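Chains as they are written, first to last, in the numbering used here: chain A, 20 to 270; chain B, 10 to 312.
Quick caveat, the hints were computed from the structure, so don't treat them as lab data.
Treat the hints loosely; a few may be bogus.
Each computed BS3-like pair below joins lysine-lysine, with the alpha-carbon atoms no more than 27 angstroms apart [unchecked claim]:
1. B:K186 to B:K172
2. B:K163 to B:K186
3. B:K271 to B:K134
4. B:K134 to A:K83
5. A:K268 to B:K271
6. A:K83 to A:K268
7. B:K134 to A:K268
Remember, predicted model here, so these are calculated numbers, not experimental data.
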Amino acid sequence: MASTERPTRRSMGDRLYDAIFSNRVWRSIFRSGYPNTPRNQMLAVATNVFLHLHPTRIHRTHVKITHTFCLGGLSFFLFLGLTISGVLLMFYYVPSVERAYEDILRLDTDVRFGQLMRNMHRWMAHGMVLTVLMHMMRVFYTGAYKPPREFNWVIGVVLLVLTLLLSFTGYLLPWDQLALWAITVGTNMVGSAPLLGEPNRFVLVGGFQVGQNALIRFYTLHVIGLPLMAAVFMTVHFWRIRRDGGLAKPL
Amino acid sequence: MTTANPAEAQSAAVRGRARRQREEELLVWPDLVFIEFISAVVFTILLVGLSVTVDAILLDRANPAVTPNPSKAPWYFLNLQELLLHMHPALAGVVVPTIALIALGAIPYWDNDNEGQGEWLSGPKDWLNVWVGTAVASIGTLLLIFFDDGMHAKIYESLTGAKFPVSWLVNMREFQKNFPLWPTCTPEELAAKTCALGPLEWAKSIPLGKVVRTDLLGLPALDLNINIPAVLVEQIIPVTTMVGLPILLSLVAHRRGIAQTKREHMILQFSGFIAVYVTLTIVGTYFRGEGLALGPYTIFAHQ
Ligand code: HEM
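If we strip away everything but chain A, and leave its shape as in the complex, we get:
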């Protein structure tokens, strides 16, 4: 009983704590107090829309870095980073064959932090392809695709394709020699398919060769079409992880 007795004078720290975490503004935002008790910690996760992607508890082995190497999480982190840096790049970039290359040059030379933003976007894009591939390998080698997670693996394969397409469509946008010819080589591969190849290539490029039509198509896919699809599939991917009972664990 003694432990529940209230101390006669509350310390400075306690009063500060109450002032910060029990006032009406904090409560209106977070509903629960600062997560320093198990109850508040669970509430913090369960009542926050972002943290709610997680369960409130997790199996011991799954927090070991060497179980996931954080690779799925890193892919998602890079996707978010790419969205932010991508939006900043959109402020300066106009997808026209007259302006695109000059805009990128200006970004590299005139715009404050422009080169940094472009570099970040580029390295994160390469990084995401790598982390997604490695995430797929970790899922495979931990046998995490087995029932009941079969379909989440399939969603993963769709995400892999979307990641590659996002990177591929972004590749054209700087409109330099590397961009033009890489996309020419890539879209010619599509064109070599039997029967439907050439019509498909024509639709993708918007003509017989990579030009303004291709640029605006790739740009639209890159900044809105594919990211939206990726976001939808990621939502399903994360939701399924929760529905399938968290990460796979040994039987």
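Please build the complex by placing chain B with the ligand on the supplied structure of chain A, with the hints as guidance.
The following block gives chain B with the ligand in isolation, referenced to the frame of chain A:
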């Protein structure tokens, strides 16, 4: 009344299991959220560091009139571009990647018992299969690339100083051109009867369009001349290789007792697939230079 007892016993067991499971669990806040936060910070710092030191590449303005030599796709498609050098473009550019993706998505439906999940390579032979799959597939891929580059002929020539004796065995294109059963007539020469017919000369141009009369159905007439040597070299041999060698690998591994269960075969094949993907990507990125000839190359030579 009597049925309530087993149910109660069962629910006690369930509760016991649930309790034991609870003990194995940690709270997401702080145990997981902390790790996520730290790795987000670490990777932000690493990425900023990288971006400050290494600039993204930007070559000259795009110019449709100037084709760079070599022209390469983005690095993650260079494996396909490498395949393109060895087989029919439709096969390399579309059919193989499509089938590879479908096969990848189908993995859980083949290997569908839930043995060995949730742990890194938990079976006793799992690691063995990773190494065997990786080694066989990467070495095999390199040997195939070297063969198609005529490496054996080059080595023979540099050792003996003489020309490689069997010209049609230098590489697949030579095979297509010089295999003794189909002498070297072009269709035009053949039409003009200016060159001798070989025993299989007819094989180079089978007018399928004259047999399959799509024009009778009101459709455009098929202009389809089947060239058997080309079909053999560009399609049948590559497909046989790509399908046959993995099957052979699994058969041998099964005989040798390396891979027995579905999971073990899956590990063998998946590791092989990754090894092929990586090998082709590295060769395509760093060892294909001008005219896509085999030799060291980096994009930075362009700048
Ligand atoms: C944009 C791409 C992707 C993102 C952002 C993503 C994200 C994630 C995250 C955050 C997890 C939680 C565990 C972890 O971090 O490893 C996860 C698990 C999983 N992912 Fe992905 N993933 C992506 C692509 C893929 C791919 C390509 C595959 C497979 C082909 C895949 C299959 C799975 C499966 C089966 C799980 C459950 C693993 C388990 O139960 O242990 N994902 N994913």
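Checked hints:
Proposed proximity of K186 of chain B and K172 of chain B is supported: the alpha carbons are some 17 angstroms apart, at most 27 angstroms. The straight-line distance between the Cα atoms of K163 of chain B and K186 of chain B is roughly 19 angstroms, inside the 27 angstroms bound, and the hint therefore holds. For a cut-off of 27 angstroms, the pair hint linking K271 of chain B to K134 of chain B stands: about 12 angstroms separates their Cα positions. The hinted pair formed by K134 of chain B and K83 of chain A meets the criterion: a straight-line CA distance of about 24 angstroms does not exceed 27 angstroms.
Distance hint between K268 of chain A and K271 of chain B is fulfilled; the C-alpha atoms sit about 19 angstroms from each other, no more than 27 angstroms. Of the supplied pair hints, the one linking K83 of chain A and K268 of chain A holds, its CA atoms being roughly 13 angstroms apart against a limit of 27 angstroms. Proximity of K134 of chain B to K268 of chain A is assessed by CA-CA distance (about 20 angstroms); at most 27 angstroms being required, the pair is judged to hold.
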